[in-house]
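Numbering (the working numbering), first residue to last: 15 to 342.
Treat the hints as calculated values from the structure; they're not laboratory data. We treat Cβ as the ideally placed atom computed from N, Cα and C, and that holds for glycine. Treat each hint with caution, since some may be false.
Here are the in silico distance ranges between beta carbons for each label pair [said to hold, decoys possible]:
#, residue 1, residue 2, range
1, ALA95, SER170, 18 to 24 Å
2, PRO93, TYR269, 41 to 47 Å
3, LYS61, SER190, 34 to 40 Å
4, GLN117, TYR225, 54 to 60 Å
5, ARG277, ALA255, 38 to 44 Å
6, TYR269, TYR227, 17 to 23 Å
7, ILE198, GLU289, 22 to 28 Å
Straight-line C-alpha distance at most 25 Å; calculated SDA-like pairs for lysine to any residue [said to hold, decoys possible]:
#, residue 1, residue 2
8, LYS123, TYR100
9, LYS274, ASN326
10, LYS274, ASN229
11, LYS224, GLU214
12, LYS123, LEU41
13, LYS188, ALA278
14, LYS181, ASN249
15, LYS158, SER176
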Amino acid sequence: MPAFRLMVIFVFAAFTSCTQNSDSILLPNSVGRAYELLVVMHINAWKGASGDSIRKVFECPTPALPQDEPLFSIIHIPPSAFNKYYFGYRNILQIHISQNQTQNNISVKTNSHAQNQVYIEIWASDEANFLALMHENKNAILEKLLQSEQERLKESFRRLTSQKLLKQIQSEYKLSLYIPSDYILAVSRDSFAWLANETEKLSQGIFIWKYKYQNAKQMQIENLIQQRNTVLRNNVPGPVANSYMNTEMGYEIQYDTLYKAGRAVYQMRGLWRVEGDFMGGPFVSQTYIDTVSQTITTVEGFVYAGKQAKRNYLRQVEAIVGSHSPIN
15 MPAFRLMVIF
25 VFAAFTSCTQ
35 NSDSILLPNS
45 VGRAYELLVV
55 MHINAWKGAS
65 GDSIRKVFEC
75 PTPALPQDEP
85 LFSIIHIPPS
95 AFNKYYFGYR
105 NILQIHISQN
115 QTQNNISVKT
125 NSHAQNQVYI
135 EIWASDEANF
145 LALMHENKNA
155 ILEKLLQSEQ
165 ERLKESFRRL
175 TSQKLLKQIQ
185 SEYKLSLYIP
195 SDYILAVSRD
205 SFAWLANETE
215 KLSQGIFIWK
225 YKYQNAKQMQ
235 IENLIQQRNT
245 VLRNNVPGPV
255 ANSYMNTEMG
265 YEIQYDTLYK
275 AGRAVYQMRG
285 LWRVEGDFMG
295 GPFVSQTYID
305 TVSQTITTVE
315 GFVYAGKQAK
325 RNYLRQVEAI
335 VGSHSPIN
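Throw the hints in and build the complete structure from the sequences for me.
So this is what it looks like as structure tokens:
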């Protein structure tokens, strides 16, 4: 068994949302890096309160990382520089603030100039109206962009999925998920699987474990953490004797209830550490109850990347975890 080597609805005055028709298949692929946002905005507005409001939303820290990394990496250009070179960016936020505007509204388009693109435009007659629009709709705008990035990753991983590995997981764990071909099945025993993607400087892993459902209290955060620690202590050794993966309790675990295909999914985000060593990193897990087999299944993704930036690596394993679906 391997040890670690390195071990919503928008609410505003006027809103339009457009999805292109089948002609979008003729569009070029979008460009830009994952979690990169192109902001098109006059330089004076960018340097003032309007720009501050954008940075506050999109550059706030990504949750459950050991160091601060922004939700999005922002690239700013003035409207005069917005030409065909930039039209194909994956995420575009264009701001129009002018007294000539007769309405204050927001438009969200997908596949406007490129495939898999989200193009958001905000029109406001003055800075005060722009700030009001941003305040009222920041969460919905952010959710749209984050969801779109996750869907792009899932689609990419779907195309890259190892069919051999997928069949093993489907057969042994009654679970389907998108597993890129650079992952291997490192461990599969006693209702526990460890899918590993290891390079010289990076470890990404997916854990799957199943256990008997007894009562609803098992879905409470303290019980999920206790179960996690027990499973990982027994199955995920660290690099030195008597070391093992554990949950870092010095960091607040984020706990949410999601709903997928009408079923509750309990999600945790937090940090892991190796008991007896100095390794650590972020994790995200999703847990659900299979009422047919009366079992609980947890799918978890984790990252170890030393001093490297971890946001995009975590988002990648999050997309794999989020792609899971039970097979009845």
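Checked hints:
1. ALA95 / SER170: 18 to 24 Å: violated, 29 Å
2. PRO93 / TYR269: 41 to 47 Å: holds, 43 Å
3. LYS61 / SER190: 34 to 40 Å: violated, 49 Å
4. GLN117 / TYR225: 54 to 60 Å: Taking Cβ atoms as reference, GLN117 and TYR225 lie about 55 Å apart, which means the hint holds.
5. ARG277 / ALA255: 38 to 44 Å: holds, 41 Å
6. TYR269 / TYR227: 17 to 23 Å: Holds - the Cβ-Cβ distance for TYR269 and TYR227, about 19 Å, lies within 17 to 23 Å.
7. ILE198 / GLU289: 22 to 28 Å: holds, 25 Å
8. LYS123 / TYR100: holds, 16 Å
9. LYS274 / ASN326: holds, 23 Å
10. LYS274 / ASN229: holds, 21 Å
11. LYS224 / GLU214: violated, 30 Å
12. LYS123 / LEU41: The hint holds at about 14 Å.
13. LYS188 / ALA278: The hint holds at about 18 Å.
14. LYS181 / ASN249: The given pair, whose Cα atoms are some 22 Å apart, holds under the 25 Å limit.
15. LYS158 / SER176: Violated: LYS158 and SER176 sit about 29 Å apart, past 25 Å.
Checked against the numbered hints given earlier, this structure breaks hints 1, 3, 11, 15; the rest are met.
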